[in-house]
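Undergrad: Under the working numbering, the first residue of the sequence shown is numbered 18, with each subsequent residue one higher.
Bear in mind the hints are in silico, worked out from the structure with no lab data behind them.
Be careful, since some hints might not be right.
List time: in silico DSS-like cross-link candidates among lysine-lysine, alpha-carbon distance up to 25 angstroms [stated by the list, open to error]:
no.	residue 1	residue 2
1	K314	K231
2	K608	K628
3	K581	K628
4	K350	K275
5	K597	K649
Cβ pair distances, simulated, as ranges [unchecked claim]:
no.	residue 1	residue 2	range
6	D683	E109	56 to 66 angstroms
7	P200	D266	12 to 22 angstroms
8	D365	P600	23 to 33 angstroms
9	V647	P598	21 to 31 angstroms
10	K389	K656	48 to 58 angstroms
11	T559	G462	33 to 43 angstroms
Heads up, the beta-carbon is just placed ideally off N, CA and C, and yes, glycines get one too.
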Amino acid sequence: GLPEPNRDSIFQGLRMNQGFYTSKDFLPLVAMASKPGMCACHSPLPSIHGTVIVLGAGDTAFDCATSALRCGARRVFVVFRKGFTHIRAVPEEMELAKEEKCEFLPFLSPRKVVLKGGQIVAMEFVRTEQDSDGNWKEDEDQVVRLKADVVISAFGSILNDNKVREAMAPVKFNRWGLPEVDPETMQTSEPWVFAGGDVGGVANTTVESVNDGKQASWYMHRYIQSLYGVAVSTVPELPLFYTPIDLVDISVEMAGLKFPNPFGLASATPATSSSMIRRAFEAGWGFAVTKTFSLDKDIVTNVSPRIVRGTTSGPLYGPGQGSFLNIELISEKTAAYWCKSITELKADFPNHVLIASIMCSYNREDWTELSKMAEVAGADALELNLSCPHGMGERGMGLACGQDPELVRNICRWVRQAVHIPFFAKLTPNVTDIVKIGMAAREGGADGVTATNTVSGLMGLKADSTPWPAVGRGLRTTYGGMSGNAIRPIALRAVSAIARALPGFPILATGGIDSAEAGLQFLHSGASVLQVCSAIQNQDFTVIDDYCTGLRALLYLKSIEELKDWDGQSPATMCHQKGKPVPRIADLIGKKLPSFGPYLEQRRKIIAENKIKLKAQKMAAELPEKKHFVPKKPIPAIKDVIGKALQYIGTYGDLCNTEQVVALIDEEMCINCGKCYMTCNDSGYQAIRFDPDTHLPTVTDSCTGCTLCLSVCPVIDCIRMVARTTPYEPRRGLPLALNP
18 GLPEPNRDSI
28 FQGLRMNQGF
38 YTSKDFLPLV
48 AMASKPGMCA
58 CHSPLPSIHG
68 TVIVLGAGDT
78 AFDCATSALR
88 CGARRVFVVF
98 RKGFTHIRAV
108 PEEMELAKEE
118 KCEFLPFLSP
128 RKVVLKGGQI
138 VAMEFVRTEQ
148 DSDGNWKEDE
158 DQVVRLKADV
168 VISAFGSILN
178 DNKVREAMAP
188 VKFNRWGLPE
198 VDPETMQTSE
208 PWVFAGGDVG
218 GVANTTVESV
228 NDGKQASWYM
238 HRYIQSLYGV
248 AVSTVPELPL
258 FYTPIDLVDI
268 SVEMAGLKFP
278 NPFGLASATP
288 ATSSSMIRRA
298 FEAGWGFAVT
308 KTFSLDKDIV
318 TNVSPRIVRG
328 TTSGPLYGPG
338 QGSFLNIELI
348 SEKTAAYWCK
358 SITELKADFP
368 NHVLIASIMC
378 SYNREDWTEL
388 SKMAEVAGAD
398 ALELNLSCPH
408 GMGERGMGLA
418 CGQDPELVRN
428 ICRWVRQAVH
438 IPFFAKLTPN
448 VTDIVKIGMA
458 AREGGADGVT
468 ATNTVSGLMG
478 LKADSTPWPA
488 VGRGLRTTYG
498 GMSGNAIRPI
508 ALRAVSAIAR
518 ALPGFPILAT
528 GGIDSAEAGL
538 QFLHSGASVL
548 QVCSAIQNQD
558 FTVIDDYCTG
568 LRALLYLKSI
578 EELKDWDGQS
588 PATMCHQKGK
598 PVPRIADLIG
608 KKLPSFGPYL
618 EQRRKIIAEN
628 KIKLKAQKMA
638 AELPEKKHFV
648 PKKPIPAIKD
658 VIGKALQYIG
668 TYGDLCNTEQ
678 VVALIDEEMC
688 INCGKCYMTC
698 NDSGYQAIRF
708 DPDTHLPTVT
718 DSCTGCTLCL
728 SVCPVIDCIR
738 MVARTTPYEP
748 RRGLPLALNP
């Protein structure tokens, strides 16, 4: 930044008490008053009255104009030397000033400040015009006089401090008094000195200044490396922020295959073509399963529309869909295309795992032929699609093969006899017992299974009874496959059930993996690697950065004993009211107060008085202690966390009905929305009462620990389930019949 305001000579000697401010005087005063920090007695806003003239046409000038209105100005004029087409401010700033009724006066250059009794009363301007050569000239014959009480100069900033200039020697300065800077590299006349932002004279906005910093950092890197004879690419490519978390190894081995990380593309839309898989590998995905392909005699042609947003989360539009439904079939591309693609991809990405997804009808010769083709092409493994829930079943393929354990067992035997590479059977959740299908796959020689494919469903009907998606003039539809977060509970159940029944049997999980946290749930449930589709449909391939960094962080946190009460990357919720930390009023006055109406004013007064008391006692307000944690235990590898949750999963008969819990509501965090009362009253056991005066909720001894209240409470950890201190005796309605 530039330290001094650019002050026109006509303003020399003028002070704030006379009605003159520079932007560097005025805006800090506004900020100090509007952002009081932790002090209860903050500075008042500057007192502005009457008419204000703001000089300038940049973002800062419009900030001053709108701030002046909030400080009490009756009328604000924004005066600038050129026309509207030369305004440097971003359109949003100008529109905001316009909406707040600021007046704009273009083509005026300040000439004189009029004082009366030492106070500003007016300013005189002359008109500016642009001649045919593009030069701007001032017409002394056209004088404009504006009455004003306050003048704010926002004509930018300069570097005028000789001490600063001397300290920057031997850097050369240009005729505007700024360092000479290469606009491409941000390098000054001295190769080891770089400058950007305002002092560089190139950027006009904060965003541009930040970009200057990015540009400069790259060329600083190149310069430093050149001092040691290290060649650096001419294409800027800065390394990412680096911490010990980035050293965490998230590679994993499964069925003899080494995966760089456990995240890969599911056999679905993200793997529609070879080029898409290539881009995914370049983005950082550890493996990919091709879109399912078949022999030419079984080639398909898709209908449209065929992939639609889910209705499981209500009228949610845009990215972030909780589910999708598709009636898309397998790949429209030939087996020859996919085999050639596999060969090319493996040549370019030898360290990535590439799995070929194949499908045939219940025909030994077909499965043998297609699996051998994929093996010869260089696929690391095969995925047998025995589970597509729509379209293919009607052709005797997909779901038609995957719902019968005997068919699954035989197909796996055929493929086992045909190839030597690992293969995995992709299972459908649309069966009575998925574990039996998984067992059949293992008995047939499969090296593992993928759980699960999409769930068959009908996503929605319009008010006129027509479906969506609706195909053709007849508006026909069919049952499609639902994917995304909506099926995560089904997929978690399938993965954990198979892992419990077949310990150590490799599982590729898919179904609602949209984050590192979701991925860790599947690893804990027994999966070794994770396939993703819907999350990519919501965003793009770059989500892999969040997934890998997030998983590394989750593993790293497991090694820090002090953070064992965290839920993954989320610390325990501090006491707050609508997101802002608050002290517990009960600790200050001995009783509890809600946060609405007159009670809210009482709370504010009590908190303010407490802060003043602490200040008088020269006691700093309590701030969270900054702690530096280091691992005290080994950081677990992926293989160490696989199946960790299985010990907690069992039958209903394994559950204890003598160790009960009840709800405990934190009144300090309660926002008095009443949702806990509503759900308990109409769906639970009528165990919550609201105080008629304070509206603070209390839980009665009727609570059975059902947890509905916690489930609908909008404030995280405002309601907790704690151990019941009295024996639980169910209310049977009528006494149990006595045995004769």
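Undergrad: Now tell me, hint by hint, if it's right for this structure.
TA: Hint check:
At roughly 55 angstroms between alpha-carbon atoms, K314 and K231 are farther apart than 25 angstroms, so this suggested pair is violated. Under the criterion of a C-alpha separation no larger than 25 angstroms, the hint pairing K608 with K628 is consistent with the structure, at around 19 angstroms. With a CA separation close to 33 angstroms, the supplied pair K581 and K628 exceeds the 25 angstroms bound. With a CA separation close to 28 angstroms, the supplied pair K350 and K275 exceeds the 25 angstroms bound.
Proposed proximity of K597 and K649 is contradicted: the alpha carbons are some 33 angstroms apart, above 25 angstroms. Look at D683 against E109: about 40 angstroms separates their beta carbons, and that is not inside 56 to 66 angstroms. Against the hinted window of 12 to 22 angstroms, the Cβ-Cβ separation of P200 and D266 comes to about 43 angstroms, which falls outside the hint. A beta carbon spacing of about 60 angstroms between D365 and P600 contradicts the range 23 to 33 angstroms that was offered as a hint.
Between V647 and P598 the CB atoms are about 27 angstroms apart, so this pair conforms to the stated range of 21 to 31 angstroms. For the pair K389 and K656, the supplied restraint of 48 to 58 angstroms is violated, since their beta-carbon distance comes to about 32 angstroms. Taking 33 to 43 angstroms as the suggested C-beta distance range, the pair T559 and G462 conforms, at roughly 38 angstroms.
Violated hints for the displayed structure, listed by number in ascending order: 1, 3, 4, 5, 6, 7, 8, 10.
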